[in-house]
Amino acid sequence: MKLMRKTLIASALIAATGAAQAAEISDGKVKIGVLGDMGGVYADISGQGSVEAVKMAVEDFGGTVLGKPIEVVYADTQLKPDVGSTIARTWIEDEQVDVINGAVASSVTGAVTKVMTAAEKITLITASASHAFTTKACSPFNAHWTYDVVSLANGTVKPMVQSGKQKWFFITADYAFGHALESVASGVIKENGGEVLGAVRAPLGTTDFSSYILQAQSAGADVIALANAGTDMVNSLKTAAEFGVTDMVDVAGLLVFTPNAQALDPAIAGGMKLTTGFYWDMDEKTREWSERYMARMDGKIPAMPHAGAYSSTIHYLKAVEAAGTDDSKAVMAKMKEMPVEDFFSRNGYLRADGRMVHDMLQVRIKNADERSSDNDIFAIEKVIPGDEAFLPLEAGGCEFAMAMAKK
Amino acid sequence: MATIFGINLFALFGQLLVGLINGSFYALLALGLAIIFGLLKIINFSHGALYMLGAFGAYLGLNYLGIDYWWALVLVPIAVGALGILLERTLIRPIANEDHLYSLLLTFGIALILQGLFTHWFGSSGMPYAIPEELKGGTRLPFMYLPDYRAWIIVFSLSVCAVTWYIIEKTKLGAYLRAGTENPQLMQAFGINVPLIVTLTYGFGVGLAGLAGVLAAPVYSVSPEMGSNILIVVFAIVVIGGMGSIGGAILTGLAMGVVEGLTKYFYPEASTTVIFLVMVLVLLTKPAGLFGKEA
Numbered sequence: 112m113k114l115m116r117k118t119l120i121a122s123a124l125i126a127a128t129g130a131a132q133a134a135e136i137s138d139g140k141v142k143i144g145v146l147g148d149m150g151g152v153y154a155d156i157s158g159q160g161s162v163e164a165v166k167m168a169v170e171d172f173g174g175t176v177l178g179k180p181i182e183v184v185y186a187d188t189q190l191k192p193d194v195g196s197t198i199a200r201t202w203i204e205d206e207q208v209d210v211i212n213g214a215v216a217s218s219v220t221g222a223v224t225k226v227m228t229a230a231e232k233i234t235l236i237t238a239s240a241s242h243a244f245t246t247k248a249c250s251p252f253n254a255h256w257t258y259d260v261v262s263l264a265n266g267t268v269k270p271m272v273q274s275g276k277q278k279w280f281f282i283t284a285d286y287a288f289g290h291a292l293e294s295v296a297s298g299v300i301k302e303n304g305g306e307v308l309g310a311v312r313a314p315l316g317t318t319d320f321s322s323y324i325l326q327a328q329s330a331g332a333d334v335i336a337l338a339n340a341g342t343d344m345v346n347s348l349k350t351a352a353e354f355g356v357t358d359m360v361d362v363a364g365l366l367v368f369t370p371n372a373q374a375l376d377p378a379i380a381g382g383m384k385l386t387t388g389f390y391w392d393m394d395e396k397t398r399e400w401s402e403r404y405m406a407r408m409d410g411k412i413p414a415m416p417h418a419g420a421y422s423s424t425i426h427y428l429k430a431v432e433a434a435g436t437d438d439s440k441a442v443m444a445k446m447k448e449m450p451v452e453d454f455f456s457r458n459g460y461l462r463a464d465g466r467m468v469h470d471m472l473q474v475r476i477k478n479a480d481e482r483s484s485d486n487d488i489f490a491i492e493k494v495i496p497g498d499e500a501f502l503p504l505e506a507g508g509c510e511f512a513m514a515m516a517k518k
Numbered sequence: 009m010a011t012i013f014g015i016n017l018f019a020l021f022g023q024l025l026v027g028l029i030n031g032s033f034y035a036l037l038a039l040g041l042a043i044i045f046g047l048l049k050i051i052n053f054s055h056g057a058l059y060m061l062g063a064f065g066a067y068l069g070l071n072y073l074g075i076d077y078w079w080a081l082v083l084v085p086i087a088v089g090a091l092g093i094l095l096e097r098t099l100i101r102p103i104a105n106e107d108h109l110y111s112l113l114l115t116f117g118i119a120l121i122l123q124g125l126f127t128h129w130f131g132s133s134g135m136p137y138a139i140p141e142e143l144k145g146g147t148r149l150p151f152m153y154l155p156d157y158r159a160w161i162i163v164f165s166l167s168v169c170a171v172t173w174y175i176i177e178k179t180k181l182g183a184y185l186r187a188g189t190e191n192p193q194l195m196q197a198f199g200i201n202v203p204l205i206v207t208l209t210y211g212f213g214v215g216l217a218g219l220a221g222v223l224a225a226p227v228y229s230v231s232p233e234m235g236s237n238i239l240i241v242v243f244a245i246v247v248i249g250g251m252g253s254i255g256g257a258i259l260t261g262l263a264m265g266v267v268e269g270l271t272k273y274f275y276p277e278a279s280t281t282v283i284f285l286v287m288v289l290v291l292l293t294k295p296a297g298l299f300g301k302e303a
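Sequence lines, in order, name chains V and S.
Add 111 to the 1-based position in the first sequence for the numbering used here, that's all there is to it.
Add 8 to the 1-based position in the second sequence for the numbering used here, that's all there is to it.
The set of hints was computed from the structure by calculation and includes no laboratory data.
One or more of the hints may lead you astray.
These stretches of chain S come out as covered by chain V in the derived footprint (C-beta under 8 Å, 3 or more residues) [as the list claims (entries may be wrong)]:
no. : stretch
1   : 17 to 24
2   : 27 to 34
3   : 134 to 140
4   : 217 to 229
5   : 271 to 284
Even glycine gets a Cβ: it sits at the ideal position worked out from N, Cα and C.
Whole structure, please, built from the sequences with the hints as guidance.
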């Protein structure tokens with residue numbers, strides 16, 4: 112009996128100290144979980160690069176926040192939604208992870224944000240494209256950072272339709288991301304007076320695109336739009352060139368990351384216009400950061416999700432400091448209050464619905480004779496102001512954000 | 009344009025031809041697998057990784073050693089075959105008499121290691137490899153534009169398949185091979201070095217995978233994932249054709265390429281599953297496969 116009383120007192124004491132800490136930093140540290148594709152088709156645009164970028168952010172921030180250490184852990188989702196949500200749950204329940212950064216492939220991110228929202232924890236979405244995370248599947252705990260399907264479609268598709276490329280045909284990755292990109296881009300085409308002749312859905316990781324290219328060709332379109340990414344994008348463009356399609360019609364890559372552009376022969380990809388959230392060689396600030404990144408990554412140049420991972424982590428940590436706690440709601444309120452201005456984000460702000468609105472870049476892939484090195488890939492043609500690039504809040508239909516905006 | 013039942017015939021011919029091109033790859037890979045399984049009873053799960061190695065061999069040879077495509081076509085399969093021989097001698101041989109599952113797990117492990125290493129070294133985006141000068145360009149057929157390189161794939165891989173089939177089924181060397189695996193003790197009593205034959209056969213089968221890799225490098229992205237994507241399909245083809253049937257593997261490989269091509273035309277979403285559907289149907293009606301010998 113005596114023993115039991117002692118135990119009770121002890122646990123009460125522990126509980127009390129625990130509660131006192133919760134007001135500031137829970138569990139005595141801030142733990143960032145980086146969720147990526149470590150060895151799959153998207154490893155080059157997330158993977159180790161995102162982990163390293165987050166670590167750089169933590170180091171640049173000084174390694175501590177509010178006097179407590181910042182810890183970084185990472186895991187591989189293998190691009191499977193169930194694996195992603197299981198890791199997120201384990202991190203939250205057993206390992207005191209406070210925030211997740213990364214989450215690559217929209218299908219995985221969808222599953223992860225559900226778990227995080229239920230646990231009232233923040234997800235910094237830095238390598239997914241679906242706009243659902245800030246529209247119909249929005250959450251007060253989502254911060255969608257780097258790019259999304261709307262900004263890609265607005266940046267790439269709109270100017271092409273306006274310049275007279277009226278008839279479009281899609282080669283689409285057959286999962287959440289591809290479907291979202293195709294439907295948003297189709298909307299942009301129709302709004303601007305163009306026409307969508309058809310689409311063909313190719314499974315993720317298709318080896319041979321030649322039959323899809325032939326179908327696209329026989330449709331008689333002005334533009335074949337590639338609503339896919341990574342190796343799929345590279346392979347479809349290569350095949351289009353091989354079958355002589357690129358000589359006759361325009362091929363538009365709707366989501367092209369720098370490593371993919373690097374993997375393409377300039378003779379094939381040179382001249383293609385696309386939209387990106389970041390380019391390493393844009394100015395002094397981007398170069399300074401990118402060079403530090405490259406020194407840690409065997410000379411590989413950063414892709415936009417890596418820059419986004421850094422930018423979002425710094426912004427999160429600043430918000431923790433400003434809020435004086437790592438409580439998700441308080442931190443998110445600060446994140447939405449403070450402007451996002453760094454080497455990655457220009458004129459950026461985190462909107463009520465979780466969309467980080469920032470300037471996007473319209474770029475052109477350089478031809479072989481314009482390149483000074485292997486890393487010299489894009490020529491920047493135009494800066495698209497954030498409010499033009501992203502979907503307006505009112506059009507998204509995110510209910511809690513609309514209610515917030517009304518107040 | 010000519011149409012029948014609302015189907016654009018020209019487009020259909022195009023798909024058939026494209027299917028045949030993919031089928032040539034399937035045939036070449038399935039042939040290697042079928043030889044290794046048929047003669048050595050090893051379920052070689054590292055076949056896809058060795059195919060990937062062939063493609064990377066071509067890439068590395070071109071960029072670091074100045075070996076052009078044509079030399080790569082000769083040298084890389086030999087190098088990959090030599091690596092296969094090394095693997096067979098050091099890793100596979102010690103467990104040769106165990107259950108098939110052991111060699112399956114071992115080769116699967118080798119595949120994962122190779123794939124992991126190449127992802128670590130080269131990333132997952134893939135490496136560019138240009139089509140050789142001699143085969144750039146193409147022919148405009150009435151129904152499609154046929155790139156010269158794709159035509160070369162069909163001609164070359166079918167020739168390799170035909171020669172291999174002939175050697176194994178029709179020559180004395182092939183007869184030794186088949187007999188050696190049927191009854192090793194008896195063959196050894198006749199003074200034939202069976203372990204050597206086994207090792208060389210494994211090397212040859214693996215070399216075929218390397219050859220397919222070189223052939224694939226200019227048209228598919230040279231990436232660490234390329235092998236694992238194609239391997240399962242090729243296994244299904246070997247099963248459909250009948251485990252161990254050399255001719256069956258070749259014919260089924262071509263046929264499945266065409267079936268897949270047609271599916272891509274009529275219902276693209278099912279293109280990755282159609283081969284497995286065929287596999288299920290074949291297993292239900294002919295459990296030994298279309299060309300399998302034993303019931």
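Inset, instruction - Hints the structure violates: just list their numbers, smallest first. - result: Of the numbered hints given earlier, the structure breaks none, since each of them holds.
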